[in-house]
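J.: Build the full structure now, drawing on both the sequences and the hints.
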Amino acid sequence: DVKVTQSSRYLVKRTGEKVFLECVQDMDHENMFWYRQDPGLGLRLIYFSYDVKMKEKGDIPEGYSVSREKKERFSLILESASTNQTSMYLCAIKLGGGWGRNTEAFFGQGTRLTVV
Amino acid sequence: AQKITQTQPGMFVQEKEAVTLDCTYDTSDQSYGLFWYKQPSSGEMIFLIYQGSYDEQNATEGRYSLNFQKARKSANLVISASQLGDSAMYFCAMREDEAQGGSEKLVFGKGTKLTVNP
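Chains A and B are the protein sequences, given in the same order.
Residues 54 to 169 in our numbering are what the first sequence lists, from first letter to last.
Residues 1489 to 1606 in our numbering are what the second sequence lists, from first letter to last.
Just so you know, these hints were derived from the structure itself, not from any lab.
Just so you know, nobody snuck in bad clues.
Calculated cross-link-like contacts (lysine-lysine; reagent style DSS-like; alpha-carbon spacing at most 27 Å):
hint : chain 1 : residue 1 : chain 2 : residue 2
1    : A       : 106       : A       : 124
2    : B       : 1491      : A       : 110
3    : A       : 56        : A       : 108
4    : B       : 1491      : A       : 108
5    : A       : 71        : A       : 124
6    : B       : 1558      : B       : 1601
Computed from a predicted structure; not experimentally measured.
T.: Spelled out as structure tokens, the structure:
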């Protein structure tokens, strides 16, 4: 079974703090993604990575950065957390090349971040 | 412009009845794929079903089927014989075709909250 593990289920941080959200996969998958989920807005892509040290901006990258030093780990970084970054953050991996049946995205359990 | 539209913020259905969750999409690509995911209150995202744009038959996975109408650009999810455990958020998503320069990503709709009543 594919396993995508996010380091924390719930996190409370203060405004201005540097925050690291970690995502680890147990297989050799190239593609990893960070989404944030807000009520009424669905899932929005922040950043994704298709290989070690490779990254691409998604639809809402402002205020975030990412790091992928090893294939199995993809970190989302909030350089200076703000209250509008309070959200559910979901990490996903994609199996194989292309998208389709048997190459769908698998998600972690999510991290609910509250910035106070 | 919104690429995936789910017009029903919330839906209610009686246990054992069928329900249709709507999804329309916008793309100029000839090759694309559509996914449905379920998110229970626990927060995990569960893949349900996939439909490719060139698939000639509508996708089915157990009690889930996808009513794919290409000309109308709709990909509605049909859940037959609803169960209490089907109560969850449901998201429609579309992949962009990488062969035409699209990025390797899924674009999601805003979701529909389904409540199954006993």
